[in-house]
Amino acid sequence: IQKEKFHKSQHWGYCNNVAMLLGEDKPGIGGEPLPGQKLKPEYSVFPKGMGSDAPAWVAFDKQVLSFDAYFEEEVPDKNQELYRIRHCKIYFYLEDDTIQVTEPQVKNSGIPQGTLVRRHRIPLPPPHEDQFYTIHNFNINIEVILYGRRYKIIDCDQFTKNFLRKMGVRLNPPADRPDDPYTRMRQQILESMNPLRPYERIDTLKQFLEHDGEVLRFFCVWDDPESMFHDPRELVLRYYLSDDTIDVKEIIPVNSGRDTVPLFLRRDKLPKYAPTGLYQPGTITNRTVLNVFGKLVGNKGRYILDNRKTGAVHQEFYRDSDLKIGAVINVWGRKIILCDCDEFTKRYYRTKYGIEDFTPVTYKAPPPPKPEKTFPPYTGFGSEEDSLCSCMGLLLKRPKKDLKKFMEKDRNGMESNILRFLAKLVTDSPIDKDRKFIISYFLSDDTISVFEQAERNTGILGGKFLERGRIKEPGQELFKSEPSKYFKAQDLFVGARVCFHGHNFLLVDADEYTLKYMEKHANEFPKADIGIVFKKLKDKAEPHSREIRQVFAASDPAHSKVMEYEPFRNLIASITDGAFSEHEIMTLARYYRVREEYEMDIHFLLAVAQEQLKKNSFDSFEQLSAVFEYNDREKRGVLPHEKCRTICKSFKFPLADDDLQDLLTVFEDDHKQVEYKKFVDRLNWRKNQISAFQTIKVNKNEDDSCGQRPSLPVKGIKYLCLLDDLFGKEE
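Position 712 of the sequence shown, counting from 1, maps to 712 under the UniProt record's numbering, and the rest follow consecutively.
Do not take every clue at face value.
[What the hints assert, rightly or not] Straight-line Cα separation of at most 35 Å, DSBU-like style, residue types lysine-lysine; simulated pairs: (1) K397 x K272; (2) K107 x K309; (3) K718 x K535; (4) K561 x K536; (5) K464 x K397; (6) K561 x K520; (7) K520 x K488; (8) K249 x K401; (9) K78 x K405; (10) K346 x K309; (11) K335 x K309; (12) K404 x K472; (13) K687 x K488; (14) K152 x K166; (15) K370 x K309; (16) K409 x K652; (17) K272 x K516; (18) K166 x K107; (19) K373 x K335; (20) K400 x K615; (21) K687 x K643; (22) K485 x K401; (23) K404 x K272; (24) K652 x K677; (25) K472 x K401; (26) K404 x K649; (27) K729 x K718; (28) K404 x K370; (29) K561 x K488; (30) K352 x K433; (31) K409 x K161; (32) K404 x K324; (33) K309 x K324; (34) K249 x K370; (35) K249 x K152; (36) K729 x K561; (37) K678 x K649; (38) K346 x K335; (39) K401 x K433; (40) K649 x K516.
No lab work stands behind these hints: they were computed from the structure.
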């Protein structure tokens, strides 16, 4: 046979007049078939233009054809059956033409079932064993032979039918599914059997799976008659829907004198109280047994199971339908009233039984109002918070600090979270009038410190005027029970008058950071909220719109549409009759100011950058310079802006992106190329350290008596925009 197969697949040919043994399937030049040669496809051939151009293992990934089939198996060693019908599934995988045959498990069959043929390519039966099964070998109501076993395909799923129709296969009608005769005979025997002792199956699995974890909770009360004072006992009754069991837990008040127990009633089915009393143990059973002969035959009894349950005692148990608000249930002789329930229980009864009335039952008087806690007055020793903590408990504890506020408002980089104001004393003394103070408000802990600036030839040294701490508002009683009020950040603004320990200060100026912070957090500072200030001005000025336009036009004879701060301040003050504070006028002026481009302070910018690098312990300047030189292929000493920014980011430069962009812009040449050597040298805080400082400048020639600000907040104000917003555009 092997020799015959060899001759079928081989033939003799000539190449360069030399006889050679050639394969039958070997094509000609260029892969074209020879005359009269028919090539056999190795895999399934799909029509052109059907689906995507992707290969089959991509286009048909996870797509399987499923066929229902069966085969007959001879049983030579049993008289009860001569053959056996075994049903199976044939899976054809489109991606690689592999086939798998599986048999579903049959209970008590005694046959090893599961995978009959593992997934692989299966060859055709002889004489075509050199080929493999493809999609064209499958159809309904045909037989296929897999390794000598004949399978009859009777049907397939809908996907398989649709796919075969698209392939042009004409589907045969489905065949009948034959039954196994031996299995049918066994089923008839089982159905005809009537057991002498039938087993009563009580299946509660469905109820458990549907309602596992669902519990109805009722709040109950039991008036204990044996109690000395007949005080009500509060209970919580829980009904478990998974198995219809009930448990009861008692709510024991504090200092009640009763022992704490886990449960008032353990979890079990709760029977309804019978009129005749409780049943004896053994009276209620699941089955009834009858003694047929008694003791007549050899003093031995004969027992059978009573299917009729003659004389059986039936006991009723509490169900969910018996529980509702206001109902009285009997818990082993104790009358318990259901007073209220939780939201899940209300939703359950509303859905299942349509109950809408869940009015709770009042079983006790409302608790008396708690007496107001009063504290003794402050003694004068220590701080008020420390003295108040000694009244809270026997164990003394230090006052709690607002750590969250401290972490949010503590100094972080360039955010100091300190509001600084320039102030002067409100006094008639000619010596004290010229004294200048810097008031610092620390937002992290609401403390205030006062520093006096030193002035030459005044005889006053200057320095720390008031130690940092919280300052009480004036006019409060010292020894009182209520906590004192302290100065807050909202109490400080330009133009405000404050009294610190008997010293009256007038705030006449603020630094740029303070003004920006207050405008950024306008919801906390009404004086810096442009919305509130604008509405207040509009209410005052709207009745006199024409006169106000004429006054502003007279103040701008050059028609430049821009006004300086001083005449603008005087006009707003006259319009509002002094109702506007200095800070509100500043907020208005800063909002409508002429925004001019300013020249960047390179010295200060480098100082801030060095400080940030020093805090983060960044000193890899030599490595940074080496990377710059490596990327400079032409050795010109300059690199593009974005390239330098990328290199700095790769070193995890501890600078904000905006600050890094400004620094790189400073060292650009005329062609927008960054001189990286100067950039690295100026940032090197170890070799070229720069110190940064800020001061509030004070104009010494100001007239303090007129109350003018020492410096102008803005240079020019676009008053026409203000008038248009107030009264609308003039035609």
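Hints and how they fare:
1. Restraint check for K397 and K272: the C-alpha separation of about 57 Å exceeds 35 Å, so the hint is violated.
2. For the hint pairing K107 with K309, the CA-to-CA distance comes to about 34 Å; that is within 35 Å, so the pair holds.
3. A distance of roughly 18 Å separates the Cα atoms of K718 and K535; the hinted pair therefore holds under the 35 Å criterion.
4. Proposed proximity of K561 and K536 is supported: the alpha carbons are some 23 Å apart, at most 35 Å.
5. A threshold of 35 Å between alpha carbons decides the hint, and for K464 with K397 the separation of about 32 Å falls inside it, so the pair holds.
6. Between K561 and K520 the alpha-carbon distance is near 28 Å, which keeps this suggested pair within the 35 Å criterion.
7. Of the pairs offered as hints, the one joining K520 and K488 holds, with about 17 Å between alpha carbons and a cut-off of 35 Å not exceeded.
8. Between the alpha carbons of K249 and K401 the distance comes to roughly 42 Å, so the proposed pair goes past 35 Å and is violated.
9. Proposed proximity of K78 and K405 is contradicted: the alpha carbons are some 90 Å apart, above 35 Å.
10. Note on K346 and K309: the hinted pairing is violated, with a Cα-Cα distance of about 39 Å set against a maximum of 35 Å.
11. Annotation: proposed proximity of K335 to K309 holds, straight-line Cα distance about 33 Å (limit 35 Å).
12. Of the pairs offered as hints, the one joining K404 and K472 holds, with about 23 Å between alpha carbons and a cut-off of 35 Å not exceeded.
13. Between K687 and K488, the direct Cα distance comes to roughly 44 Å. Violation of the 35 Å bound is thereby established for this hinted pair.
14. Pair hint K152 plus K166 holds up; C-alpha atoms about 23 Å apart against a cutoff of 35 Å.
15. For the proposed pair K370 and K309, the alpha carbon gap of about 63 Å is over 35 Å, so the pair is violated.
16. For the given pair, K409 sits about 26 Å from K652 by alpha-carbon distance, which is consistent with the 35 Å threshold.
17. Between K272 and K516 the CA atoms are separated by roughly 77 Å; this puts the pair beyond 35 Å, and the hint is violated.
18. The straight-line distance between the Cα atoms of K166 and K107 is roughly 39 Å, outside the 35 Å bound, and the hint therefore fails.
19. Restraint check for K373 and K335: the C-alpha separation of about 40 Å exceeds 35 Å, so the hint is violated.
20. Of the pairs offered as hints, the one joining K400 and K615 holds, with about 31 Å between alpha carbons and a cut-off of 35 Å not exceeded.
21. Taken as a hint, the K687 and K643 pair is honoured in the structure, with Cα atoms around 25 Å apart against an allowance of 35 Å.
22. With a C-alpha separation of about 17 Å, the suggested pair K485 and K401 falls inside the 35 Å cut-off, and the hint holds.
23. As the CA atoms of K404 and K272 are separated by approximately 59 Å, the hinted pair breaks the 35 Å bound.
24. Distance restraint check for K652 and K677: the Cα-Cα separation of roughly 19 Å lies within the 35 Å cut-off, and the hinted pair is therefore satisfied.
25. With a C-alpha separation of about 18 Å, the suggested pairing of K472 with K401 holds against the 35 Å cut-off.
26. Between the alpha carbons of K404 and K649 the distance comes to roughly 32 Å, so the proposed pair stays at or under 35 Å and holds.
27. A distance of roughly 14 Å separates the Cα atoms of K729 and K718; the hinted pair therefore holds under the 35 Å criterion.
28. At roughly 31 Å between alpha-carbon atoms, K404 and K370 fall within 35 Å of each other, so this suggested pair holds.
29. Note on K561 and K488: the hinted pairing is violated, with a Cα-Cα distance of about 39 Å set against a maximum of 35 Å.
30. Note on K352 and K433: the hinted pairing is violated, with a Cα-Cα distance of about 84 Å set against a maximum of 35 Å.
31. About 72 Å separates the Cα atoms of K409 and K161, which puts this hinted pair outside 35 Å; it is violated.
32. Distance restraint check for K404 and K324: the Cα-Cα separation of roughly 49 Å exceeds the 35 Å cut-off, and the hinted pair is therefore not satisfied.
33. Proximity of K309 to K324 is assessed by CA-CA distance (about 33 Å); at most 35 Å being required, the pair is judged to hold.
34. Between the alpha carbons of K249 and K370 the distance comes to roughly 28 Å, so the proposed pair stays at or under 35 Å and holds.
35. In summary, the hint linking K249 to K152 is not supported, as the alpha carbons are separated by about 66 Å, beyond the 35 Å threshold.
36. With a C-alpha separation of about 14 Å, the suggested pairing of K729 with K561 holds against the 35 Å cut-off.
37. Note on K678 and K649: the hinted pairing holds, with a Cα-Cα distance of about 18 Å set against a maximum of 35 Å.
38. A C-alpha spacing of about 23 Å is found between K346 and K335, which places the hinted pair at or below 35 Å, so the restraint holds.
39. A hinted pair counts as satisfied when its Cα atoms are at most 35 Å apart, and K401 with K433 does not qualify at roughly 38 Å.
40. The suggested pairing of K649 with K516 holds, with an alpha-carbon distance near 30 Å, which does not exceed 35 Å.
When the structure is compared with the earlier hints, violations turn up for hints 1, 8, 9, 10, 13, 15, 17, 18, 19, 23, 29, 30, 31, 32, 35 and 39 and for no others.
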